[in-house]
Each structure stands twice: as structure tokens, then as C-alpha cells.
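From just these sequences and the hints, can you work out the full model?
Chains as they are written, first to last, in the numbering used here: chain A, 320 to 539; chain B, 320 to 539.
One thing to keep in mind: the hints can contain errors.
In this list, chains with the same sequence are indistinguishable; a pair is considered to hold if it fits within one copy or across any two.
[Said to hold, decoys possible] Here are the simulated SDA-like cross-link-like pairs (lysine to any residue), alpha carbons at most 25 angstroms apart as the crow flies: (1) K389 with T368; (2) K518 with S364; (3) K347 with R519; (4) K518 with D381; (5) K418 with G476; (6) K347 with T362; (7) K347 with T527; (8) K518 with T360.
Read the hints as simulated data drawn from the structure, not as lab findings.
Only a predicted model underlies this, so the values are computations on that prediction, with no experimental measurement involved.
There are 2 protein chains.
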Amino acid sequence: MDLPIDEQSGRRRRGLLIVLSSPSGAGKSTISRMLLESDSTITMSISATTRPIRPGEQDDVDYHFVSDAKFDAMIAAGDFVEWAPVFGHRYGTPKVPVKDALRDGRDILFDIDWQGTQQLHSAMGEDLVRIFLLPPSLAELERRLHQRGTDSGEVIGDRMSRAAGEISHWAEYDYVLVNSETESCLADVRAIVAAERLKRSRQAGLVTFVRDLVGTRGAA
Amino acid sequence: MDLPIDEQSGRRRRGLLIVLSSPSGAGKSTISRMLLESDSTITMSISATTRPIRPGEQDDVDYHFVSDAKFDAMIAAGDFVEWAPVFGHRYGTPKVPVKDALRDGRDILFDIDWQGTQQLHSAMGEDLVRIFLLPPSLAELERRLHQRGTDSGEVIGDRMSRAAGEISHWAEYDYVLVNSETESCLADVRAIVAAERLKRSRQAGLVTFVRDLVGTRGAA
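Printed below as a string of C-alpha cells:
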């Protein structure tokens, strides 16, 4: 099947699966939101989760909030590209939206952890662009978690004790950014996305473009 | 040996060897000049060549202009990372400046053709970032060659007949850009350079950074 035409280049290209991982509080959600706002050609992958909905979150927007029984049924039906337990709840990426987006040549952003990234890498390999955000320091990470105000002290303590474990997987990512300043970090993520779109291997339409280019010689 | 500290990130990183190739007239020289002006951390590799100096060119700035006998001696002494004949003259990249720049963690830009790129890739492999510029059409390419006004009609005819051959090597490059508009093409090249610098594999200083990051935990 022909890939759709890319709006910017006017040529056909493959979609990107952009993974953004970080320990909680390192800025993943903020950077994700700003990236989506700045580039309408990227859509967010909506994970299914068994964790309770938080104040301000919307079902089927932030997550598909499902019961444990429903999650079990989705696993049994092979509905997930990847799923993993995190902080006592389960998170999974539904398969159909990912396949649809790749087929349509759209880019998808994934806000998932190292376990999900490993599974997504096994399943999707070369379509994946893996970006890891590091906090400038653990003290800064803890300050941001308190500032967010959505977690209890106990949950923050839990997140902090898991941060080092999450960070230990930094070397499994293609790009590693230290998020010291949000605007600068966003610019870096946007540069990575721009560059990845320009990779020869993703620009399926180039074969036709070059054939037509050289084919115009006689008429030039 | 420790790599020097990167000015932007404050961490040690490996240098990049950035190759920009295109058929003559596709904008390689203009984009190269603008990239160097916009980013002082990149320096140009100065090739040695046996071709005559053109009006406006400076020896040891644009090229090291050498005799055929001198070029033969440099080959014999193993002074080149790569060399190749182009349009009846020879061009080569001296080895010492490249080794010095890599050792110092500086980025170098190469304005070389597909033959030089293949050799540089064999010699330097993963330090190389290969970018190919395509013209939007061959008619536009010919128009630009006439506009430049530095070549005779005969040389332009020769360049045009070789353009298709040069273009046929586009698939040997990591990134392929269609240079329809200079500013946009420069922005794409700058995004590629920014992204490549953020690749985990190039950020040698991250190992120390993450060790110190996790090591601060007790004090956080």
C-alpha cells in the first residue's frame, strides 16, 4: 500500500513511534503536552490502565481507565502491543490505534516506562525513536513531585525510591536529554523528531522522487 | 583520554564528522557556509586538491592547493583519510586535522562527494553523519550553475551530465534533504546536527553524569 503524502515535504514517508521515558517528575508529561501542541502531525498514544483516575484526568483522553478483569481480557485477546505493571497497577498500549497510525503515516508519541519501551522495541523495532529524559538532580526531581501536588508523601517516597531504578535503563534509549530547562528540552525533542523524519530510511517517497528527478533530465 | 566538556550541555561528548554531499549546484557550499556561520562549534575540513584555484578562493582556506607531485607524495605517506578523482582532478582529506578534532571533541564538516564519503565511512564509521542534498529538479540545478557564474558552459554541461551519477548514490546517506529553499534546508541540517549530538552513543559524559545523579540520592 502507498504511504500517505507528508504535509511538510510533499513526499510519502513512514510514521514515527516516538517514545518519551523518564522517572516520574522529570518532565515527561509537560514536554509531551508541549510537543503535541507545537506539532499537529503528532498524536498521543492513549494507554489502558487499571490505576484509579486522578483529579483533572479524563477517561479515553488521558488513559482508557479499565478494570482488572477488562485488562485481563484485553491481554487474553492479544489487544496490547505491550503492557507492564507499574506501582502496583498495569499499563498497556492498545494495538489497533498504533497499526492504524503507522498505516496512515502519522507519528505517535508514547509516554511509557522502560518496560513498555523494551516490549515496544521488540514488536516495532526500527519504527521506534526512544528518548529518555533525565532530571538535572534527584533533589530537583523530588521538588517537582511535591510541586505537582497530585501525590501523597508516601507515593512520592515510593516514586523517589523507584527513580534510580528507572534511570538505570537510560542506556537502552537512542537519545538522552537532561531536562534542566523546559523550553530548551522541548527544542531538543523537536530537533530529534525533525531529524528522524529526514532519515533516508523513513522517506519512502524518495525512491519515486529521485526516479522522477533523474527522469526529467532529457527535458531540462 | 577524557573527552573535553561540551559547551552547550556541560558534559563530555564525542565529536561528529558531518558529511554534506550533493551534485554541484544543489546548494552544498551555501548551506555549509551558513551552517558554519550559525554554529561556531563546527569547523570545516579543508581538503587538499590538485585543481587550479578559482577567482575568490584562498589557499589553505578553501582548499590546500597542491601540485600533482605533492598529492602523490601525500598519498604515499598515508596522509589522507580519503582521496578521490573528480572532474579530472584529485581531492583528499588530510588525516591529522580530523584526528586532532575528534580527540578535542570538536565537530567537523566535510564538503565531499560520494566517493570520499564511502572511504570516510570505511575509515571513521560511527563518527560519521552523512547528509545528502537533492535539488528540487535538474532544471533548477542547471539554473543555479549558470547563476553562480564561475564555470564555463562546457564545465556546466559536464557537471549536469555527472549530476545523475552523483544523485544515484543518495541511498548511501543517513539523511536525505531536498533543497527547495535555503533557510528551510539549513534549519533541517541544524536539526540533524542537534539530534546527532543528543544521541546516547555520542554523549560520553553521560555515564559519569548518571553515576553522580544516582549517587546524590542519599543527600537529596
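To see whether the hints hold, each was checked on the structure:
1. In the homo-oligomer, the alpha carbons of K389 and T368 lie at most 25 angstroms apart inside one protomer (10 angstroms), although the nearest pairing across protomers, at 70 angstroms, exceeds that limit.
2. For the identical chains of this complex, K518 and S364 are neighbours both inside a copy (23 angstroms) and across copies (24 angstroms), given an alpha-carbon limit of 25 angstroms.
3. When the C-alpha separation of K347 and R519 is checked against a cutoff of 25 angstroms, the pair qualifies only between copies, where the shortest distance is 18 angstroms, while the shortest distance within a copy is 28 angstroms.
4. Neither within a single protomer nor between protomers do K518 and D381 lie at most 25 angstroms apart by alpha-carbon distance, with minima of 31 angstroms and 29 angstroms respectively.
5. Taking the shortest Cα distances, K418 and G476 never come within 25 angstroms of each other, neither inside one copy (37 angstroms) nor across copies (48 angstroms).
6. For the identical chains of this complex, K347 and T362 are intra-copy neighbours only, at 15 angstroms inside a copy versus 34 angstroms across copies, given an alpha-carbon limit of 25 angstroms.
7. For the identical chains of this complex, K347 and T527 are inter-copy neighbours only, at 22 angstroms across copies versus 38 angstroms inside a copy, given an alpha-carbon limit of 25 angstroms.
8. Proximity of K518 and T360 under a CA criterion of 25 angstroms is satisfied in both settings, with 17 angstroms inside one chain copy and 23 angstroms between copies.
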